[in-house]
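Protein chains in written order, with this note's numbering: chain A, 1 to 428; chain B, 1001 to 1229; chain C, 2001 to 2206.
In short, the hints are calculated from the structure, not lab data. None of these values were measured; they are calculated from a predicted model. A few of these clues could be false.
Said to hold, decoys possible - Quick list of in silico lysine to any residue cross-link-like pairs, SDA-like style, CA-CA up to 25 Å:
{"hint": "1", "chain 1": "B", "residue 1": "Lys1148", "chain 2": "B", "residue 2": "Leu1075"}
{"hint": "2", "chain 1": "B", "residue 1": "Lys1102", "chain 2": "A", "residue 2": "Gly186"}
{"hint": "3", "chain 1": "A", "residue 1": "Lys243", "chain 2": "A", "residue 2": "Arg233"}
{"hint": "4", "chain 1": "B", "residue 1": "Lys1164", "chain 2": "C", "residue 2": "Asp2072"}
{"hint": "5", "chain 1": "A", "residue 1": "Lys271", "chain 2": "C", "residue 2": "Asp2072"}
To be verified - Sample of chain C residues facing chain A (criterion: CB under 8 Å; computed from the structure):
{"hint": "6", "residue": "His2068"}
{"hint": "7", "residue": "Asp2072"}
{"hint": "8", "residue": "Trp2098"}
Said to hold, decoys possible - Per label pair, the in silico range of CB-to-CB distance:
{"hint": "9", "chain 1": "C", "residue 1": "Pro2075", "chain 2": "A", "residue 2": "Gly359", "range": "14 to 22 Å"}
{"hint": "10", "chain 1": "C", "residue 1": "Gly2045", "chain 2": "A", "residue 2": "Glu61", "range": "31 to 39 Å"}
{"hint": "11", "chain 1": "C", "residue 1": "Gly2060", "chain 2": "A", "residue 2": "Gly359", "range": "17 to 25 Å"}
No residue lacks a Cβ here, since even glycine has one placed at the ideal position from N, Cα and C.
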Amino acid sequence: MTAVDPETRIPDPIDLDRGEEARLRAAAGLAPPSAAAGSEYAGFELVGVPDRPLQTEREREMYTLEEGEMLLNMGPQHPSTHGVLRLVVKIRGEMVTDLDPVFGYLHRGIEKLCENATYTTVLTYVDPMDYLASMHNEHAPAIAFEKLFGIQAPRRAEYIRALVVELNRVFSHGLMIGFLALDMGGLTPILYSFINRDDVVELLAAISGQRMLFNFFRVGGVNWDVNDEFLSRLGTWHGTVMKSIGDNEKLITENEIFKGRTRGMGILSGKQAIAYGVTGPNLRASGVPFDVRKAHPYSIYDELEFDVITQQSGDVYARYLQRIDEIKQSLHLIDQIMDKMPHGPVQAQVPGIIRPKPGRAYGAVESPRGLYSVYAISDGGPTPYRFRMRDPSFISLQVMPMLMPGHLIADTMAIMASLDPVMGGVDK
Amino acid sequence: MALTNDPREAARGRADNEAAQGTALVTSPARIEIPDSAPSDDDLLAPFGMEEHPTGGFHGLLEVIPTKADLVIDLIRANSLWPLLSGLSCCAIEMMSTATSKNDIDRFGMFPFRASPRQADVLIVAGTLTTKMAGPLVRLWEQMPEPKWCVAMGTCTTSGGRFKRSYSVVQGVDRVMPVDVYVPGCPPRPEGLIYGLLKLRELVMARRGQWRTYVDRGPQRVAWEGDVR
Amino acid sequence: MRLLVERFPETARDLWTDEDTVEVQLPRDAVVETLRTLRDDPEFGFFMLADAAAVDYGIGHHFEVVYHLFSDRHPAWLRVRVPVERANPRTPSVTSLWTGAMFHEREMYDMMGIVFEGNRDLRRIYMSPDYRSFPQRKDFLLPDDAADSSAAGVNPLERPETWDLTTFSRELTSSAATYPPPDTQVDVPAEAYPHGQESADKSRPA
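Build out the structure end to end from the sequences listed, making use of the hints.
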């Protein structure tokens, strides 16, 4: 225990704002403080400007204000942003002219931790990535590691995997609908969504033992077989799920206010979506029928019958309809999986510490937010040499600076919620 | 009964109090009289013209309960702890689940999740705290008015949890702010969070009328100074 | 795969395939042109950039930027590996082909310190702008217990010297964002650093 030198003491954030505004303004290339300097509101419009020289071309473009423009900082703690997303919005009146998303408030270094963990424990670390789709998070590394190790999960295990990921997709899409309505001021749909979500996670807790970060997948299988509690809960849930989804649909789908605020908002064309790397329901809502389950069938998806659903208009309303349709599709898939599920073991014979041969493997799954992929390199040791995760919501958020300009401040939240980002996945 | 807001005065007793103010010169301890039996409710209520009703409740001329204002205010506080709507990561979803229909902490007067720290009593730190987020979170905490409480929800906030080895994670939120209740679990079930919040209510009740001493617990941000160098 | 050999006889090297991936190695100078052909030529049709990742092969070796492409005309992912020198980690940006490569490249710059020439928004995306290490490099060691380790880069909150706001832009304004700085860079195998005792970060102030 040594005392901290007052010279190097951490500056108080409030001091940073109040005391150094002149220096920061000069650093940011702004005009010196106006006549308001010294008053209580001095430096008020400085909120959001980085307290350092601007580094890149794009940053100078974003943070150089013209006449009549100001910056508005949202987040990282903001009731509407999903988690700790921070948006710096450049506005002219009520109109958004530019936007800069700032990430990293939840960066936990999961990739680095995974490179220091054995193959079995990696599946534990990836759970909190996209925390609304933990089953998908585990699915992709399981596929990649099985390719590295050259083993195949038993068929019953593959069916159970498909079952749990589809269940996960149902509640994830359901929550997106609730959050979308919540960000536009409607409180009721989130209550219905959470009723459904609590049912599903209790269902998944019956099979995996955990409500949220399931840790259910293993390299070469799954942890448990389906049990009686799971089956009975599944039956009960299956009888009531359409009611809770239908309640939300009745509230939202034909709601005049909802339609007025979502139709024609944030239109994303298919070409733009491809260029920006958008995948998943957001891409399909723009009319591009790309679904990893069809494009590169993994697990048992080539044995199931389903079509790739698309919408045409590519606006917020289309993204909402896409989620509703995919929930129904997932329920249809769950029916098929339960019909076809074979008997047999659920776990292949795998040693305790896995040492695959040196090699590289790529595993991709269709998560509720899009293409979630893992690139793993083995050097023959017990830990992956390189473990890389591609999270769809991280890439999808790139379209925001392109979608937002021309919309009102209140609509930015609707557009952002329709992209359905999860900050745990964005920041890793 | 002297109405005072200062618990130290109340604790010292009347004799010490007078001595401190210079109104009494005698500083010997007050005599302690041990009563033969505890006074009954009727004895206590008699000066106010009240009596206990046979079927419960109090009846009388004056339907008031004499007490200190702090005790009443803290009773109200304990039964309407308003959390701040601030989620960091995974635990935030379970926190929302706690607030919605199935678990419904509105039962305990805790529902209105305030969006502004100026209106909140409890900061539920729900999720991993990273070094980049630590500054904004401490700022939120400092913007909350006293009295305020902090609940560390989840293993990440109590110790760093599964990310303890990471290069960008604060290993326990108690390094940057005081914590009143720790709720372990990764994430804890909603029932766990409710139990933690009820424990917090017990803590508030145990400190009834003494929040000034509770506030005087020293500087708030001592955690990282000379902590690990 | 046969198409690749026919069309790019000079540039494509080290072709390799497994059940659902075709892998090819490209030199740094040819990557943009080749990827443009792969994207636009109807024979290939790799219109989607699925992933872009950086790999560190350790001190004394090279970096590698790995692109995964998707095509609806071929039944396999295409993996393009581009080696990058460790002493001068620069490679052309592909943001002119896919705008969505922007965040991928910002992440690679943040985590590995690879500079993408032509990217107009190359700044840190996860770590704070004044952070001075590149955490995903192999010479950045995770401490076994960060609390009593001397490893640099751990918990900048507890290292107030990193809060000096005047030093953060050094790595961008200096010639190349090499890390460790070229004058201190020595070719020592990673095993030479005992875990948790001795830091590999030479740029840490004494």
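Comparing the hints with the structure gives:
1. Lys1148/B x Leu1075/B: holds (14 Å)
2. Lys1102/B x Gly186/A: holds (19 Å)
3. Lys243/A x Arg233/A: holds (16 Å)
4. Lys1164/B x Asp2072/C: violated (43 Å)
5. Lys271/A x Asp2072/C: holds (15 Å)
6. His2068: Holds, about 6 Å.
7. Asp2072: holds (7 Å)
8. Trp2098: holds (6 Å)
9. Pro2075/C x Gly359/A: 14 to 22 Å: holds (20 Å)
10. Gly2045/C x Glu61/A: 31 to 39 Å: Check passed, 34 Å falls within 31 to 39 Å.
11. Gly2060/C x Gly359/A: 17 to 25 Å: The hinted range 17 to 25 Å holds for Gly2060/C and Gly359/A, with Cβ atoms some 22 Å apart.
This entry does not satisfy hint 4, going by the numbered hints stated previously; all others are met.
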